[in-house]
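Participant: Chains as they are written, first to last, in the numbering used here: chain Y, 1079 to 1355; chain D, 598 to 886.
Hints in this document: simulated from the structure, not taken from any laboratory. A couple of the hints might just be wrong.
For lysine-lysine, the following BS3-like pairs were computed, each having C-alpha atoms within a straight-line distance of at most 27 Å [claimed, not checked]: (1) Lys1153(Y) with Lys633(D); (2) Lys1230(Y) with Lys1211(Y); (3) Lys779(D) with Lys1135(Y); (4) Lys859(D) with Lys779(D); (5) Lys632(D) with Lys1135(Y); (6) Lys633(D) with Lys1103(Y).
The structure displayed is predicted, hence computed values, not measured ones.
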Amino acid sequence: MKSIFFILIFFAIGPEIFSQGVLEKQFNYAKKLYNEENYFDSITEFKRLLFFDSTGKYKYTADNYIGDAYKAGSKFSNAIIYYTLAEINAQNFNDLFKAKINIIRVNILRRTTNRALQLLDSLNNDRRFLSEKKEIYYWKGWTYIFADEWHKASETFALTDSNKTLQELCEKVDKEKYSVIFAQIISHFIPGSGQFYTGNYLSGILSLAWNGLWGYLAVKAFIDNRIFDGFMITNFLWLRFYNGNLQNSKNFTEEKNLKIVNKALKYLQYDYVGAKP
Amino acid sequence: MNKILFLLIIFSTISFSQESNSAKSLNLFSPQNIKKFADYLFCQHDYIRASIEYEDFLKSGYNDTAAFKVGMANLEMGNFSIASKKFSNISKISVFYNISKLEYLRANFRTGNFNYYRNLYESENLNRDYKYFFEARELYNFSYLFSDITLPQKKNFLSSFTKEEQPRLNQFYDWKINPPYKNPVTAALLSTVIPGLGKIYTQNYSDGIFAFITVGLLGYLAYSDFHANHNFRGWLFSALGAGFYGGNIYGSAASAQIYNAKISFQFFNDLKNYLEDHNYFVPLINFCK
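Given these sequences and hints, build the entire structure.
Facilitator: Okay, here's the thing in structure tokens:
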């Protein structure tokens, strides 16, 4: 009696096991292609798996893999579509959170900062993810890094406790960065001082000298009652060099800041070990 | 008890036969499943993958629908020469033969080599027996608007289009015959007479007014300086004024050229949009109902 029962069970579920085997094989094949960084074919095979997987067993995982593969190929919009599908097909809060974070990470990468912050805020306000606050802050910090807001990034990483490395890096970058507004303001009062502030001493001296010369000649012309000459020198020479000095101080500051930021981003790209967008 | 066992056996047998069939069909790489998957990709607008899958499927034997859809996928991807080749290979006995010929012409039209396209169309010697004769002729006549060859008489040109299409085509025809270009020589001459007028002629109003004021002011300064015997300043402003005056003449001619390029771009853009809206006069086949 017992053996008949087992035979029946085998006949009933045997084919099911067999068919699952085919899908599992396909899943492993697609995963292998993904691991070999053959993203195009991996997407094809995951899509094939999804198409034939009538049980929906692989929906979430395959959608996630397709999203990852599209992301690796910088097809960000497609990646978001598949991460959103993964979000829809998530079976538990963990998967749901992971899918939402993946969408945020793509938004960080493609610098759609407002969208990333909006999604992070909605995650932060979602009571289901109270235990994930630290991770939410972590990605918020990264959002600010990509938005070039290092001070905010540093403050946000401070809330994650565990990420001292990123917090310190952001603090360092924020301190090292020059203030464009400050450089321009001091250049308004003392031409060339903005260049001095960014360490471009030669340019600062030249700027100061030219402005001094044309300023002197213009003022002298006005004092000597040569009003027309005064206007001409002021308009065509002094103001020209004065504006050039303001522009220069802005350009030098931005150039310096770019170098500082690029150095930090290079570190993050090649040497930082933690999770990255 | 025996009854229960009997029912279980019947149930499991049915279950077995059903599942084994589904298991059999779960050969993901069987030709039929490849085609099913390709159809799915095609409807998802993933044309590159759809085309690869259809090509794979076609290795198992010729199928005109798949062959036609490879052409369509390539057309959608902008691979016009490949699409053209695929459409030209559709068998004469296929139900897609007639539409393929039309798609073949469209693919060649879309390469942008209109002379080649026109020669191709003429070599086809299409007559009224051809199912899509009128659609093909519409696209052929439309190609006149893209090329530099002489347009036919308006009546002949418009006759190939439907009554609904004619008013817009009439506008395109008029534009092509008499484009609202601005003449660079006229613009330069106008600015020679009155500085800035050439720019106003090319609808560059702010530049025109600025040029008029600048040249006028410099001329006045030169005149008043000469008048007051300030010869150096007089020459200085004369030179500056002359520079602005000459520059404005040259700028007016350039402005006319820019104006012409802009409206020409707008015209060809309108033509392209019109064609897109009308699917290049090709009847739509919906494979994804």
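Participant: So which of the earlier hints does this model not fit?
Facilitator: Number 3 - this is the single hint that the structure violates.
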